Amino acid sequence: MSLHVVTPKTYVWIFLALMVGTALTVAAAFVDLGAATGFSALNDIVMLAIAVTKAVLVVLFFMHVKYSGRLTALTIVSALVFFALLAGGVLVDYLSRGMVPGHM
Amino acid sequence: MPDGHATAAAAAHPHHHPALQHHFDTLEQQKEASSFGMWVFLVTEIMFFGGLFCAYLIYRGMRYEGFAEASHELDVVLGTVNTAVLIGSSLTMAMAVWAAQTGRRKATVGFLLATGALGLTFLGIKLVEYAEKFHHHHVPGESFHWAGRFPDVAEQFYSLYFAMTGLHAIHMILGIAVLIWLLVPAWRGRFDAAYHNPVEIFGLYWHFVDIVWIFLFPLLYLIGRH
Amino acid sequence: MSTEVKAVSAAGGAVAEDARPNYLTGGGWDWKSWLLTKDHKRIGILYVISITLFFFLGALFALLVRLELLTPGLDMVEPDTFNRFFTMHGIVMVFFFLVPSIPATLGNFLIPLMIGAKDLAFPKINLASWYLYNVGGFFTLWAIASGGVDTGWTFYTPFSTTYSNSYVVLSIVGIFVAGFSSIFTGLNFIVTIHRMRAPGMTWFRLPLFVWSSYATSLIIVLGTPVVAIALLLVAAERLFRLGIFDPALGGDPVLFQHLFWFYSHPAVYIMILPAMGVISELIAAFSRKRLFGYHFVAFASIAIAVLGFLVWGHHMFVAGQSFYSGMVFSVLSMLVAIPSAIKVFNWTATLYKGSISRETPMLYALGFIGLFTIGGLTGVMLATMGIDLHVHDTYFIVAHFHYIMVGGAIMGYLGGLHYWWPKMTGRLYPSFWSRISAILVFVGFNLTFFPQFLLGYLGMPRRYATYPPEFQVLNVLSTAGATILGIGYLLPFTYLFWSLKYGQRASANPWGATGLEWQTSSPPPTENFVTPPVVTTEPYDFRDLAPQPSIRSPLSREEEEYA
Chain A
1 MSLHVVTPKT YVWIFLALMV GTALTVAAAF VDLGAATGFS ALNDIVMLAI
51 AVTKAVLVVL FFMHVKYSGR LTALTIVSAL VFFALLAGGV LVDYLSRGMV
101 PGHM
Chain B
1001 MPDGHATAAA AAHPHHHPAL QHHFDTLEQQ KEASSFGMWV FLVTEIMFFG
1051 GLFCAYLIYR GMRYEGFAEA SHELDVVLGT VNTAVLIGSS LTMAMAVWAA
1101 QTGRRKATVG FLLATGALGL TFLGIKLVEY AEKFHHHHVP GESFHWAGRF
1151 PDVAEQFYSL YFAMTGLHAI HMILGIAVLI WLLVPAWRGR FDAAYHNPVE
1201 IFGLYWHFVD IVWIFLFPLL YLIGRH
Chain C
2001 MSTEVKAVSA AGGAVAEDAR PNYLTGGGWD WKSWLLTKDH KRIGILYVIS
2051 ITLFFFLGAL FALLVRLELL TPGLDMVEPD TFNRFFTMHG IVMVFFFLVP
2101 SIPATLGNFL IPLMIGAKDL AFPKINLASW YLYNVGGFFT LWAIASGGVD
2151 TGWTFYTPFS TTYSNSYVVL SIVGIFVAGF SSIFTGLNFI VTIHRMRAPG
2201 MTWFRLPLFV WSSYATSLII VLGTPVVAIA LLLVAAERLF RLGIFDPALG
2251 GDPVLFQHLF WFYSHPAVYI MILPAMGVIS ELIAAFSRKR LFGYHFVAFA
2301 SIAIAVLGFL VWGHHMFVAG QSFYSGMVFS VLSMLVAIPS AIKVFNWTAT
2351 LYKGSISRET PMLYALGFIG LFTIGGLTGV MLATMGIDLH VHDTYFIVAH
2401 FHYIMVGGAI MGYLGGLHYW WPKMTGRLYP SFWSRISAIL VFVGFNLTFF
2451 PQFLLGYLGM PRRYATYPPE FQVLNVLSTA GATILGIGYL LPFTYLFWSL
2501 KYGQRASANP WGATGLEWQT SSPPPTENFV TPPVVTTEPY DFRDLAPQPS
2551 IRSPLSREEE EYA
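Residue numbers (my numbering), protein chains in the order written: chain A, 1 to 104; chain B, 1001 to 1226; chain C, 2001 to 2563.
No lab work stands behind these hints: they were computed from the structure. The structure presented is a predicted model; accordingly, all values stated were derived computationally and were not measured. Misleading hints may appear alongside valid ones.
Stated by the list, open to error - Once the Cα atoms are required to be at most 20 Å apart in a straight line, the calculated EDC-like pairs of lysine to aspartate or glutamate come out as: (1) C:2124 to B:1073; (2) A:66 to B:1073; (3) A:66 to B:1075; (4) A:9 to B:1200; (5) C:2038 to B:1025; (6) B:1126 to B:1200.
Said to hold, decoys possible - What follows is a set of in silico ranges between Cβ atoms, one per label pair, in the way DEER data are often shown: (7) C:2439 to A:101: 48 to 56 Å; (8) C:2349 to B:1017: 20 to 28 Å; (9) A:16 to B:1187: 26 to 34 Å; (10) C:2239 to A:9: 44 to 52 Å.
C-beta atoms are modelled at their ideal positions from N, C-alpha and C, and glycine is treated no differently.
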């Protein structure tokens, strides 16, 4: 695998994108998207979506995953899958309490 | 790939890069192994913080209003500034890796120092925030006092706030310590196109700590701000 | 250069002393050469010593528990002290013996040899892992010396966060540090197996011990951090009154259990997968036959690792999790039995028409298959919510997991230790005494733990210092079995230590087995192979190997067994 040197220019563009994302996150927080669209969780979803986008940019460019092999990508995906399993398993418990009549 | 390594007498190998460890066959193999090793370590960090995020998610889901009320007492300006500072430090860290890759000794040291300085700035601002919380009796425990509608939930919110940002801060402190240690070979000009992996893999760690904050900031500071 | 097979001398695996330096004689013998070693083989030996010490500490606590349980009443200690006995037994055995045992000893020693590498990917991290183990052990010993902890190894809240008066935080620090040690080992194995295999050593030519170790390492890396954060939060709650798990502070005890068991269930697969890997090696070697269904066994290891993460709620059927969750975890728990069963079927199929040898490692392997099957089947019983409701927190559970942990994992460890002892030390041990020991372990084990199935079914709860008098006979049988088991564990000390000085010297391949580790000297040189190997053959290929005379004690008069 040859050495892929990412240029400073790319890094600066990514940095600017991340700053824009930060500004958007704060701005979005102060706008009641729930009132505008009737979907109260929208604020949280937008903020999380921006955070995920920022994270993806950091991973792909600052952490060079765009230029790394499949094993690296598989490793990251595995971690996210198992975190999702943890969060999902715990959430299923809390969300399904009282679902079966006569039981917890 | 048997090329006589094991059978050669234990003498200097002038045709090997001085940084090559002898249980590896090539510098490339060593580089790939150490990068992969750092990624596997980051997997453990994802699961470590993940457990904490899980606890946060459950309690926030259960007690949204109280969490929102508690969150409003965090300083959004300081939080935003800190986010910018940390993202900036990720930029300087990426630049440090570039400088190391291209054999720019002074730039490597400069960017590493900038990264460290920004990291210390972040910690300084966090210290200011913590002091403010202490002053307002928002630290969980005997002295906790909450004037709002949901004192019990607020205390739990701040338990999670201190746990999550505290754990994050510990990772930053450890990172800065390693960064200082990295300055030594950087100053000595040890890094070049062939060998720069210590800087690269430290960068991976640093960016990860940044990503954790990228999630912590909206989750802690921006609950129900509208 | 293809791997060559060396003919074994007619003296049954024994040879004259090799003049060339090996990893024991060649690297120095002073403090620095051992305590600052980067050689995975030396680190494996260091771990054998540490782990053996902690094993006997854990066994001592077990003995104290069983002594108190000889009689229905309280005659030895107060209940508070008894609680500390079983807690320390659990903590020491789980975190300081079972989790590290096979990976840190046999795994460390063998994996580079088995894949044809000179060392693990990160030798310094390997050494750090041993130091971390000992630091964690130090904190645990400090906690014990101060008075111990009484929460059970499961640290359930809010007892652990709020009400226990014992050394909870100190114990947690010990476990946390040991967890780091474990993570370092797993990380090292994953990178090594991916990146350091010799030319020609493709994934499907790897010995199954390597597959099992790889699967184990995946679990370690993904699961350990979660119990780490769970316990860290318990400590933080205890020290700083953070409200995470104590209901009085708005916390939820069930959340603790979720985070705790998310690791601790896969942890039991950390404990059994390496043993299964050993068994695959032993069954093939001592049937002198290709392992049946190699691919199935390899994939089953990965399946166990993955499925093992989906079942943790079966520890929480009566804890207060939702009934719906219970149903989901119940079904998934039955699924996880399937890959384990696939392994048992394949081992059995390997035995069929094999040339069976009754050497000590094989005795352990055969014992494992039987006992693991019983343990595993009772696990399927427990996955059934309707049954678990009645036997949860009784001795049925205790018997179930000891069948797997002791009847399975420990016998796998002992079998592996006896199999690779000649490789690690260059010495043969007397086969007579080692087989007596294996039989004592098997008999003692069953006498200890089978009565506990009956006790649990009859309703005797676990973690109680007293019990109704009608349970005494079974308890006495159990304690008697524990004594026999203890003797079985102590015996290897005698003949194994004896072998270090007086045992016959072993040849490169005393068992006539396949695998790269047997293609280098016993003990191996520091760099593992004089010439780095290139692999061209499939694993477990016994076709070209001459039948080997098996290891015999020089005093034995038994006939040689040939195929």
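Results for each hint:
1. Taken as a hint, the residue 2124 of chain C and residue 1073 of chain B pair is broken in the structure, with Cα atoms around 46 Å apart against an allowance of 20 Å.
2. At most 20 Å may separate the alpha-carbon atoms for a hinted pair to count; residue 66 of chain A and residue 1073 of chain B exceed this at roughly 39 Å.
3. Restraint check: the Cα-Cα separation between residue 66 of chain A and residue 1075 of chain B comes to about 35 Å, which exceeds 20 Å; the hinted pair is violated.
4. Pair hint residue 9 of chain A plus residue 1200 of chain B holds up; C-alpha atoms about 18 Å apart against a cutoff of 20 Å.
5. At roughly 17 Å between alpha-carbon atoms, residue 2038 of chain C and residue 1025 of chain B fall within 20 Å of each other, so this suggested pair holds.
6. The hinted pair formed by residue 1126 of chain B and residue 1200 of chain B fails the criterion: a straight-line CA distance of about 27 Å is larger than 20 Å.
7. Roughly 55 Å separates the CB atoms of residue 2439 of chain C and residue 101 of chain A, a value that falls within the hinted 48 to 56 Å.
8. Distance hint for residue 2349 of chain C and residue 1017 of chain B: a CB-CB separation of about 50 Å, inconsistent with the stated range 20 to 28 Å.
9. Evaluation of the 26 to 34 Å hint for residue 16 of chain A and residue 1187 of chain B yields a pass: the beta carbon distance comes to about 30 Å.
10. Separation of residue 2239 of chain C from residue 9 of chain A is about 49 Å and conforms to the stated range, judged on CB atoms against 44 to 52 Å.
Against the hints set out earlier in the document, violations occur for numbers 1, 2, 3, 6, 8.
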